[in-house]
Amino acid sequence: MNWKIWLLIIFVLASLLAIFPLNFSKGLEISLIEQNSTAFEQGLRQNQIIKSINGNPVNTFEDYKNEINNLFPTQEKIKLTITTDTSEVILFTNQAPEISVKEIPKTRIKTGLDLSGGARALVTAEGKSLTANELNDLIAVTNERLNVYGLKDVKIRPVTDLSGSNHMLIEIAGSTPKELENLIAKQGKFEAKIGNQTVFSGGEKDVTYVARTGQEAGIYSCNVYQEGEICSFRFSISLSEAAAKKHAEITNTLGVNASNPQYLDQKLDLYLDEKLTDSLFIGKDLKGSETTQISISGSGTGATREEAYENALKEMKQLQTVLITGSLPFKLQIEKLDTISPLLGEEFINTILIAGIASILAVGLIIFLRYRKIKLSLAVLLTSLCEVIIILGVSALFNRNLDLPSIAGIIAAIGTGVDSQVIILDESQTSTLSLKQRIKRALFIILGTYVTTLFALLPLMWAGAGLLKGFAITTIIGISTGVFITRPAFSEIVKKILKE
Amino acid sequence: MTETAENLVQEFTEKKFAKWYNKNYKFLLIIPLILILLSAIQIVIFYQQNNDFINKDVSLTGGISITIFPHEEVNLNELKSHISKTSDDLTIRELSDFRSGKQKAIVIETPLDPSEIDSLKSEIQNFLGYDLDNENSSIESTGSTLSQSFYIQLVYALILSFSFMALVVLFIFGTGARLKTILIIITIIPVILFFAGLIKIEIAIILGTIILLVNLGFYIKYSIPSAAVVISAFADFFMTLALVDFLGIKVSSAGIVAFLMLIGYSVDSDIMLTTRLLKRQGDLNKNLAGAFKTGLTMTLTSIIAITVALIMTQSFSEILKQIFTILLIGLAFDLPNTWITNASILKWHLESGRKS
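In order, the protein sequence lines correspond to chains A and B. Position one of the first sequence corresponds to residue 0 (numbering that gives the first Met the number 0), numbered consecutively onward. Position one of the second sequence corresponds to residue 0 (numbering that gives the first Met the number 0), numbered consecutively onward.
Rather than coming from a laboratory, the hints here were simulated on the basis of the structure. Some hints here could point you the wrong way.
What the hints assert, rightly or not - Stretches of chain B that chain A covers, calculated by requiring three or more beta carbons in the stretch to come under 8 Å of a beta carbon on chain A:
1. 96-105
2. 137-145
3. 162-168
4. 266-274
5. 308-317
Said to hold, decoys possible - The calculated label-pair distances, taken between Cβ atoms and stated as ranges, are:
6. A/19 / B/194: 37 to 43 Å
7. B/112 / A/154: 25 to 31 Å
8. A/241 / B/90: 34 to 40 Å
9. B/282 / A/5: 38 to 44 Å
10. A/356 / B/5: 31 to 37 Å
11. B/282 / A/374: 27 to 33 Å
12. A/5 / B/280: 30 to 36 Å
Positions of the beta carbon are idealized from the N, C-alpha and C atoms, including for glycine.
For reference, chain A alone in the conformation it holds in the complex (with noise of 0.2 Å):
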């Protein structure tokens, strides 16, 4: 057999190789988790695989949901046995685990935020333009504080448009908190204020260590208010030497407070983004003292009491964020946001595949109608064939994300691959020159049109951001294969089939 056969079983091998994962274990992955939970405190921890709960096994997302509806939300707390690849953790809460779970993935192939839901922004300052620098720092606070605040599945990266303008570009996989906008747009400027002046501000600086669990911070109360429910949670935080010493100094030259003598007459402010969001007693003792143990609290509220529950909950988590990263030095503008839901993708791409199969047949079809030779249809349709599985195999090669426009890269791939699959066939059959030159000319034309739709895709690189780059670069992956791989071989096979 000739060596271009060859080439492309030894390229098919390999995709598919790249593409299946040799092993096959079931259960799901948990794929987040939140640090001050107290799924995390009993042992669970991300990647870990779960196989039961409370001994029924669980393969898919359905299973998994249906079993926690079934069981909460419950008023009293009852036993919850998760069984994970590593360990059997037992929980008892009368809330659903604050887990996210995806299922294990058959293949290599990974999906992007269109196709696997997940949650999109394209970030840029308020009224500036931000330099490499300012976006290099950017990124960092802003992966820093959705780590912390328990989201780990997260890409940031610096993209450049093709207006030249800079922009943070955050994609997060799986499930996404509602308050997402909140956490990646909020300045997140804290400052502790007595009168006018600054006690201490959020970040490292003067904030040396922030309680996320256990007693130190969580919900203490809840109570009806107004027309609904309010929830108050505290936690306590340490300053620094230098924030302490300041702390003393400005409350040494405040007086007793008349109407309450425990306290002194001023309150501590607390102020987020310049907006004041809680005002705290200080203890009569604290004057003048460098103390370094300073507890936070706050509440919110809500129709019900769960509601508030929730809020009040969001509040702390977003105050904790702010005061352990520090402020931003610049106010942020969310030019884009796209939260997807996985529903989607998953419809997409079984409607896809059978589009896709329908419409290759639909080839094979004609090219028996017009060549009357079942042998070249059937090699046609394994030649496009093909070129999917190397196209695939190279995105799980090199960890590309398959996403919408990729998609759409694949389909115009086939399609010029098809159109060369037809040049190489009628110039084969034309009986003029040898068989060897015809085919040549033939690889010329496809080299032409290989060059002329190469350069024609290379401005979508960076057009828009670079959110069209799928596109181009599986077309160009696509047709690449097709120039030298998979058409060099279709046409040996043509050969074959018509000295037959």
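Got chain A sorted already, so can you dock chain B onto it with the hints?
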């Protein structure tokens, strides 16, 4: 090879057609000319009415698009009247299963500013009776400044693609290294200036278009085969644009990508035609007939494949529907543009060349 009666009849009709074609092919050019004229009129009228060349959807104008997977089937009209209180220019459509026709999802699109997402969401939630979360809904929002920036970039990408494609065509079919070098340099200069940040994108677009026209002028003078390919590809694009405008299709960024794909597809048949006529010895008409058979197969397979794909995906994905529709229109126009426009110009040029 034995000749059957069928073959004889076929040959006879082919010969008759071939004779007629040989005499009258120049007049066939009227057809694409009329099409181009109609397209021009449509585009001009459209521009006057809308101040732009295409209808843009929310991904290019800015706005919010919400896709909801409802618990049970939703009546679109009721939903629309419930929400319209906060926004005009709101469109609602449904995505349904190809086989059963059942409603799978609803898509709500409005050019509202992304800051209005929450009020829009609460209106929808009020109507549905349940909350929208990460699982039962997808929300895409784009600020209008960003969208407009995307649009301009995509337009520039289109112009660049066209220019590069034209350069490659000249490279393949043109003669004279000097001409090729000069034109490559002229075309690349504004691109380099732009990427170096020395000129703004709007200027780059205008310069790019002017240079494209200048190049075309040079092609017409020095390499008619190249000019024929470029004119044919442009005519294809132009006619497709006009029909898309006429049909009122709201183009998204995916739609503009479809136009880019079209450049590649339509040029395929033109390059094949030109190569066969220029580089093959033998009778011009015979080569043309052979090329036509090949090209027809090429374009027909693409048309049928895309039609099948369109039928199967149109009820479910707006993006795919748009891409396939634009491709289908473009491929349909490619047939007259390659086989009348390009072929007639090329044949004319070659035959007048052979006479002298």
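Quick rundown of the hints versus the structure:
no., hint, in the structure
1, 96-105, "holds (count 3)"
2, 137-145, "holds (count 8)"
3, 162-168, "holds (count 5)"
4, 266-274, "holds (count 6)"
5, 308-317, "holds (count 5)"
6, A/19 / B/194: 37 to 43 Å, "holds (40 Å)"
7, B/112 / A/154: 25 to 31 Å, "holds (27 Å)"
8, A/241 / B/90: 34 to 40 Å, "violated (58 Å)"
9, B/282 / A/5: 38 to 44 Å, "holds (40 Å)"
10, A/356 / B/5: 31 to 37 Å, "holds (35 Å)"
11, B/282 / A/374: 27 to 33 Å, "holds (31 Å)"
12, A/5 / B/280: 30 to 36 Å, "holds (35 Å)"
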